[in-house]
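Chains as they are written, first to last, in my numbering: chain A, 35 to 456; chain B, 52 to 198; chain C, 109 to 472; chain D, 6 to 505.
Just so you know, the hints here were simulated from the structure itself, not pulled from any lab data.
Think of the CB as a built atom: it goes at the ideal place given N, C-alpha and C, for glycine as much as any other residue.
Do not rely on the hints blindly, as some may be mistaken.
Computed list of lysine to aspartate or glutamate pairs in DMTMM-like fashion (alpha-carbon distance at most 25 Å, straight line) [as the list claims (entries may be wrong)]:
| id | chain 1 | residue 1 | chain 2 | residue 2 |
| --- | --- | --- | --- | --- |
| 1 | B | LYS180 | D | GLU450 |
| 2 | B | LYS159 | A | GLU443 |
| 3 | B | LYS159 | A | ASP434 |
| 4 | A | LYS84 | B | GLU191 |
| 5 | D | LYS157 | C | GLU186 |
Just the calculated beta-carbon pair ranges, DEER-fashion [said to hold, decoys possible]:
| id | chain 1 | residue 1 | chain 2 | residue 2 | range |
| --- | --- | --- | --- | --- | --- |
| 6 | A | GLY387 | B | GLU175 | 34 to 44 Å |
| 7 | A | THR109 | B | GLU191 | 15 to 25 Å |
| 8 | D | PRO211 | B | GLU175 | 50 to 60 Å |
| 9 | D | ASP132 | C | MET379 | 39 to 49 Å |
| 10 | A | ALA444 | D | GLY307 | 46 to 56 Å |
| 11 | A | ALA444 | D | ASP212 | 12 to 22 Å |
| 12 | A | THR109 | B | GLN171 | 34 to 44 Å |
Computed footprint of chain D on chain B; a stretch qualifies when at least three of its residues, placed anywhere within it, have a C-beta under 8 Å from a C-beta of chain D [said to hold, decoys possible]:
| id | region |
| --- | --- |
| 13 | 56 to 70 |
| 14 | 78 to 89 |
| 15 | 183 to 192 |
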Amino acid sequence: MRSYLIIGASAAGLSAAQELRAADPQGKITVLTAEEYLPYSRPSISYYLKSKVSEEDIYLRPAEFYSEKKIDVFTGARVTGLDPAAKTVTTADGRQFSYDKLCLATGSHPFVPPTEGVEGKENVVTFLDFASAKRLKEMASPEKHAVVIGAGLIGMKAAEGLVKLCKSVTVVELAESVLPSILDANSAVMVKEHLEENGISILLGNTVTRADSQGDTITSVELKNGEKLPCDLLVMAVGVRPETALAEKAGLRVERGITVDPETMQTSDPDIYAAGDCVTSVDMLDGSKKIIALWPNAVQQGKIAARQMAGKADRLTENFSVNAIDFFGLRICTCGLIHAAGDPYRELVRREGSVYKRLIVKENKLVGFVLINCIENAGIYTALIRSGTDLSTLQGDLMDMPTMLLYSEAERTSLLLGGEPA
Amino acid sequence: MKKVIAKENLCLNCRLCEVYCKTAHSKSKDPLRAYLNEPELQSRITVCGDNQKSVAVQCRHCDNPKCVEACITGAMQKDPVTGVVTCDAEKCIGCMTCLAVCPFGCIKIGETAVKCDLCQGEEEPACVKNCPNRALVYLEMGGKADA
Amino acid sequence: MLKEGQVRIPSGCAIAAVIDTTGERFSGETIIRSIALMHDRSNGLGGGFAAYGIYPEHADSYAFHVFFDSEEARQQCEAFLFDHFNVDVSEPIPTKKVPSITDAPDIRRYFAKPNKVRMREAGLDEAEYTARCVIRINAEFEGAFVFSSGKNMGAFKAVGYPEDVGEFYMLDRYKAYLWTAHGRFPTNTPGWWGGAHPFTLLDWSIVHNGEISSYDANRRYIEQFGYKCNLQTDTEVITYLFDHLCRHHGLDLDVAADILAAPEWDEIDEMSPDQRAYFTALRTVYGSALVNGPFSVILGSNRGLLAINDRLKLRSLTAATKGNRAYFASEESAIRVVCPDPERVWAVSGSDPVFIPLHLSKED
Amino acid sequence: MMRYFQPEFHIVRDPARCIHCGCCVRQCANECHYFDEDGKTVLCRDESCVSCQRCVCLCPTGALRIEKFKSDYRESAVWTQQVQKEICRQASTGGTLLSAMGNPKPYPIYWDHMLLNASQVTNPSIDPLREPMEIRTFLGRKPDRLSFTKDKKLLTEMPPQIKLETPILFSAMSFGSISLNAHRALSAAAKELGTLFNTGEGGLHPDLHDMGQYAVVQVASGRFGVHKDYLNNSAFIEIKIGQGAKPGIGGHLPGEKVNVEVSNARMIPVGSDAISPAPHHDIYSIEDLRQLIWSLKEVTEGKKPVCVKIAAVHNCAAIVSGVARAGADIIAIDGFRGGTGAAPTRIRDNVGIPIELALASADQRLRDEGIRSRVSLLAAGPTRNAADVVKAIALGADAVYIASAALIAIGCHMCQTCNTGRCNWGIATQREDLTRRLNPEIAKERLVNLVTAWNHEIKEMLGGMGINSLDSLRGNRLMLRGIGLTEKELSVLGIRHAGE
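One chain only, chain A, in its complex shape (with noise of 0.2 Å):
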């Protein structure tokens, strides 16, 4: 009977989890994770800061999920030791485990960047897990004034969080524009008024370069345009790396994220795979090599080297960034390469008010969009991407929104009977 052991426990690892056992009724499966919570949602911490999600709602399976799948969970179990010859790890508190495939799932961890008088004091928080957003929300009170370090995905919805918990909530970014990973320059400028008109103030071009504080709290930052501001609360959210200790130290082959066959998931280790934040992906669309911090990705490639592990020949077959977000009502929606620009690639938009429509295609193939207040079924233009169907044999005006009818009635039909004759 094969033995799996997964490190990490949250979108990847859950996949991973659920897959093997579907695909090895037998195996016997071990995931560990250095958190206290089995797997949790989360992208969701954001909405348990604005209360809209409780505790016992975050956790992705209700707890008997894994006695019924018998999957043996260890939370509070950090991995700091791998020996890929002897096939065992060791966590900090001594205990080894075996195994005869291993899927590194440890996502990614918070990057601080060393910033002067804000080591070691008691108001600075980052916001990636659970145990932090927990935290972040017990310090917020109306009296305070709280910073935010990076108008990313995290910080921003940490702004979001924050706007109903302090006094004020400013958001410091170095680059030019808000959320750069998913929006381009003229959606930013959209959304950056959205937010300040929604009680956040925005600093671009900017960071904290000194912290002031009485005792071990911080009570002043100073920014780099030599601006002073009230802070109570610092949270640090300027980015993330992928948590590659762990593979580094085993003498994995590791480019920023784990290096791992894009279609298999395998390790430079063959009994080593790994998924989700912590590994370097390809685009395929443009097969650049990145790292695609998504949830949906993280699930399919736990999925895929689940199969492997388990000798299935499943390989991945499809891998773009595909975003659904909102802020204070803003819907936004953005997939593949929203960063191309010029030749080969050619842009249709559509700005209309608060709605904004951009949609990128290179030879005749959509191959990226971003939507702001237009998002209804953009599934089908993700759809569009990840076939790469030829727009010329689509019918009907792309930049309107999108239905069924874009495609002929044969090949609707089949689409809708799951690819059955009609």
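Please build the complex by placing chains B, C and D on the supplied structure of chain A, with the hints as guidance.
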């Protein structure tokens, strides 16, 4: 599992399927009350097109549903027995990632994701029952409705 | 009060018949006893008999039995008769005083042969010529009614119970190889002797119990072929149907019976291809001759006796045989009273006619 | 252009019930319902409403009702609103007034003046639950007599007979006047019911080639779609001399209904008005008809009975007799209330006589001449229910044609505007977006239900009369009694007055 199949050449673009879908998912189960008292109510089936060409589309309850894969809270699940893909309103946070990946565009924006549940518990879905031209039929399908 | 013919008088009744297949003749006493037993099946407003083989000495002449209501009716009818026929004998039919039979009309009989010259001019054979003359008399001569017109046979009928009519005509003195009898229960008082059964044409005689719902369909069919249903009785139409099918179209008696009481399509669909073709042809061509509604009918003729019931058997008819004799009656009791130990007794089944042929020896 | 008269109908929308779902907007081909600028509020205009009830039937909350447009003219028995309106319309168009369906005028409907008999006491009713009730019907020429071998083997060569499991056939409605889906439904229903549908004068659409054996194929004066295969691929052939709704004039299919499909089936150019002239320009006398009947029998090697359909006109009894002697195996008489896709209003409302009188006199004439039993008689226009069928057969018909009743079964609401080609129920139209509204599967089921229901009712009425086969009802006029009829009407119908 049984699925709703749309026969395009019989669809009249009358959109009664939408009216009766809203009604079936309303508290009162009455078209008039549903429209008056629950204005935010949305149909889980959508007719696209016009009198010349129209077709009603709703969730295909795929075998390997993209939406379940993309759901960040575990709210979207495919029932292993009935095969029906449902969104648990308690767990859903309305992030619409499912909508971003559904290849058929049959998830609607709401407080939580709004999608077809095949009127589980009813003998046949409300849209099928009330289509005046039998353009919607409820048939046993092999499965595999993903794109 | 409308006379028979102006109004249709539905009636229930009793029927009986006895036949000797070898043609041995026997007195009317037997048939009278048989019909008398079913006294309660009639209400005294009609009774009658038909007898075959009673005039051996005039076997090749037509024996016309005629009622006359008045003297001029008789003169007018006799003038027509003498003009169209060579009448050998013209005499009243002997009758006897019977208390229950009152205001009898003038009852006479004539033995006659058709006038050859007139027959040839009319281009008709003997039977057709005679039939047309009889139909004309009954239709056009007010007060004259030919109530039988066959060879070596005769009908005897009146208003009264059948056993009294038998006594009135002293039928015990006649000898015949085939007797039929009828007792009538009309729903109103016809008071007209012509309306009693049997109803005859040439040597056909019919006694009939029941009422046919298809009457008007049959009537409007048969009237296409020269018949005139002026008596509005079911019996009259059935007689003409038999005469038309057998004489004009030359069909055998049992084929005619297959038309009047045809089997249902469900049965026909299950039959052999030949039978199916036979019955499908019959039912498509002669559909309007199908007799629908409850009836039991006994048809006397010189070829023998035919008993048929409606397809659904809604009227009773029992049959029995003993030696050369065959007996029919509405009730089994009416058979047993004259033949206590029959060899075989059975109920005639719906749409399955019983035909008892007569095997007359050469000299008869 | 100024409007000289008010609309015929008024659409009543109950604001308390209307949920502005827009179903009526999308379903009304006459565009009586439309959205306001906001695309949400539904409004309506009366002038183009023909009261086809499509919106009323489909409205999910029953918010709609159609009324006669009420704007009272000064009362005049002579110059009624209808009369004035017709004058106004002609004064603005200068053309013949066209309309559809059968004669709507309140002339007496004799079916409603005849009562059926029932058995009491002397002959018992026949229980249709216990006894087989036979409504099987054979159409075709019958030989005068039959001959058999001694052991009852049939010798006579029977002419071709059409076996029907019900005395009800679907009458002529051409492909072109009605949609292909309607023909699909009629043919499928005919097949299941064991009866026939009629191609009408529009030929048989290639898709329905396999249904030819269930088709009465019509040969009309326009000879549309008539060719050898069409004639042989049939149950029997019907020469259309006349049609009850428009005796004496030919067929008229407005050009906008002649799309490419119709033009292929009819072998005429697309968009051209399909006029079938009256008379047939090769039948100017009875002998010509005999030749046409003869040549049709020749081309089908005598395997197909030939029917001649005439309109019920004044001396149709004599015509029927002549047609029978000219070799017709089946004769169809179409009464002046028979439906039509398009006919001049004046002719539809004033020409022709009631089917009941025509059938009664024709049947009697054939009997007087002793040839009734040779041919089959079909009656039509109108046959509204099973009682009409029983009364028609009692008068002497072998079977009846239904068409308007069939249309109503599949959705028609008698708005009498088939000629516009905008039938909202998808029946009398060729527009693809409208024909889609008639799902042939549903229509077939409704037609089968209708005729099956009528069959049951016929059997029940037969049983009540003590008859268990249609043969015994055919021509059985004693089963009918007149009520509220004059002596003359009774004598023409050949029936007695109730109570006699």
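Consistency of the hints with the structure:
1. B/LYS180 with D/GLU450: holds (17 Å)
2. B/LYS159 with A/GLU443: holds (23 Å)
3. B/LYS159 with A/ASP434: holds (17 Å)
4. A/LYS84 with B/GLU191: violated (44 Å)
5. D/LYS157 with C/GLU186: Given pair D/LYS157, C/GLU186 is violated - Cα atoms ~44 Å apart, limit 25 Å.
6. A/GLY387 with B/GLU175: 34 to 44 Å: Since the Cβ atoms of A/GLY387 and B/GLU175 sit about 42 Å apart, the hinted range of 34 to 44 Å holds.
7. A/THR109 with B/GLU191: 15 to 25 Å: Given about 44 Å between the Cβ atoms, the range is violated.
8. D/PRO211 with B/GLU175: 50 to 60 Å: With Cβ atoms ~36 Å apart, the hint is violated.
9. D/ASP132 with C/MET379: 39 to 49 Å: 25 Å Cβ-Cβ, so the 39 to 49 Å window is violated.
10. A/ALA444 with D/GLY307: 46 to 56 Å: Given a distance of about 48 Å, which is inside 46 to 56 Å, the answer is holds.
11. A/ALA444 with D/ASP212: 12 to 22 Å: 20 Å Cβ-Cβ, so the 12 to 22 Å window holds.
12. A/THR109 with B/GLN171: 34 to 44 Å: Since A/THR109 and B/GLN171 have Cβ atoms about 35 Å apart, the given range 34 to 44 Å holds.
13. 56 to 70: Satisfied; 10 residues make the cut.
14. 78 to 89: As far as the region 78 to 89 of chain B goes, the hint holds, because 4 residues have Cβ atoms under 8 Å from chain D.
15. 183 to 192: Three-residue rule met by the region 183 to 192 of chain B, so holds; n is 4.
Comparing the model with each earlier hint shows violations of hints 4, 5, 7, 8 and 9; every other hint is respected.
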